[in-house]
Amino acid sequence: MGLITEKLPKMMAGMPGSDIIFTRMDAVINWARANSLWPLTFGTSCCAIEMMMAPGASRHDLARFGAEVARPSPRQADMLILAGTIVKRMAPRLRTLYEQMPEPRYVIATGACTISGGPFIYHSYSTVRGADTIIPVDVYVPGCPPRPEGLLYGLLTLQKMIRSGETVREPGIRHKPVTSETPEGITIEDIKSEMLALLEKDAVVDVRKAAEQMERPTGI
Amino acid sequence: MSTEQEEIGNLTQLLQEQFPGAVQSYHQHRGDETVLVERSQILPICQFLRDDERSKMEMMIDLTAVDYIKESPRFEVVYHFKSLSLEHRIRVKVRVPEEDCEIDSIHELWLAVDWYERECYDMYGIIFKNHPNLQRILMYSQFEGYPLRKDYPIGRQQPLVEMRPVNERHDYGEL
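Line order of the protein sequences matches chains V and H. For the record, in the first sequence the residue sitting at position 140 is 1165 according to our numbering, with numbers rising by one throughout. For the record, in the second sequence the residue sitting at position 120 is 121 according to our numbering, with numbers rising by one throughout.
One should not assume that every hint holds.
Label-pair ranges, simulated between beta-carbon atoms [claimed, not checked]: (1) V:S1218 / H:Q158: 18 to 26 Å; (2) V:A1236 / H:S142: 39 to 47 Å; (3) V:C1071 / H:Q25: 36 to 44 Å; (4) H:Q136 / V:L1181: 40 to 48 Å; (5) V:S1218 / H:M60: 50 to 58 Å; (6) H:Q136 / V:A1228: 29 to 37 Å; (7) H:S41 / V:G1168: 50 to 58 Å; (8) H:R31 / V:I1211: 55 to 63 Å; (9) V:A1222 / H:S142: 36 to 44 Å.
Simulated from the structure, these hints should not be mistaken for lab results. Don't be surprised by glycine CBs; every beta carbon is placed ideally from N, CA and C.
Generate the whole structure from the sequences, applying the supplied hints.
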């Protein structure tokens, strides 16, 4: 930003007609949007502490990326940082908040609970398995909770996504940047089936067998 | 257990004298006394424990329930009281059967009891009689059943809003 607002005018100052610059509409609009993402103050559990650290603490200053102005009203916010477990009682309120935000609106899901339900994925009567079953999510930041650096990387990824969008011709289309790649020969289906098998293996516990295999305490 | 049962604690003895026949069983462990009392006597017993000079339970620490699904009576409501001035504690237990799942509310004695009883009702379905506002406190009012009962189906989901299908979770699309 400093390049465009400070250095560029000085460089162009000596040239004739230098106070007019031609550029793409998309580039200007996306540049403005990506650098003034105002987050909504929304934290439901422990990830919210980490989210408060990111804009509030001096070492991880979110203001460097233009996203420090946490808004208490969804009408003034561009970005929703989901921080913490979403329970079923919260789900209608979350969807209302999302719908009250003006377009274009972006959602970052931080932490295991908002991505998939986290530790409550097995048998919970109250937890939503992933916030993206309620509202669409643009960027996922894994961790429990993620480090502030992780949240900053998520924000930068979102900015990258906004900058690569076609704002004028196709305003609804979002190009999601690939943040990590799968190795050669492994498909998403392989990873899914392996994850399911692991989950089932973890969830089924034979208590009696485990108790019999335990060592008996001796010498009492 | 049997040796502990023989040593009767001061508070237990006090309750036995004051309410003959109401204390069904008792034991103590490392100085903390536990009494199992009659269901109909819970309100006068709590009143006595709070007001009497020898017990002086100023503080209600906890109220919860246990679901012993294979036993009868099925539920057990557990109260924990503490005396700040005399520095002693007591645990009072009451058995509540499933078919007549009611017990007297003690919200008049300690104001803090109000939300504990609502939570207990919410999770176990135990009805506290004369409670001023016995509604669900943690779950939503449309929720059916009581989730901490042992016979609540473990995988049963009751979402409030309809879930949207998630296709894009691993599908980032083209860059």
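Hint check results:
no.	hint	result
1	V:S1218 / H:Q158: 18 to 26 Å	holds (23 Å)
2	V:A1236 / H:S142: 39 to 47 Å	holds (41 Å)
3	V:C1071 / H:Q25: 36 to 44 Å	holds (43 Å)
4	H:Q136 / V:L1181: 40 to 48 Å	holds (46 Å)
5	V:S1218 / H:M60: 50 to 58 Å	holds (54 Å)
6	H:Q136 / V:A1228: 29 to 37 Å	holds (33 Å)
7	H:S41 / V:G1168: 50 to 58 Å	holds (54 Å)
8	H:R31 / V:I1211: 55 to 63 Å	holds (57 Å)
9	V:A1222 / H:S142: 36 to 44 Å	holds (39 Å)
When held up to the earlier numbered hints, the structure conflicts with none and fits them all.
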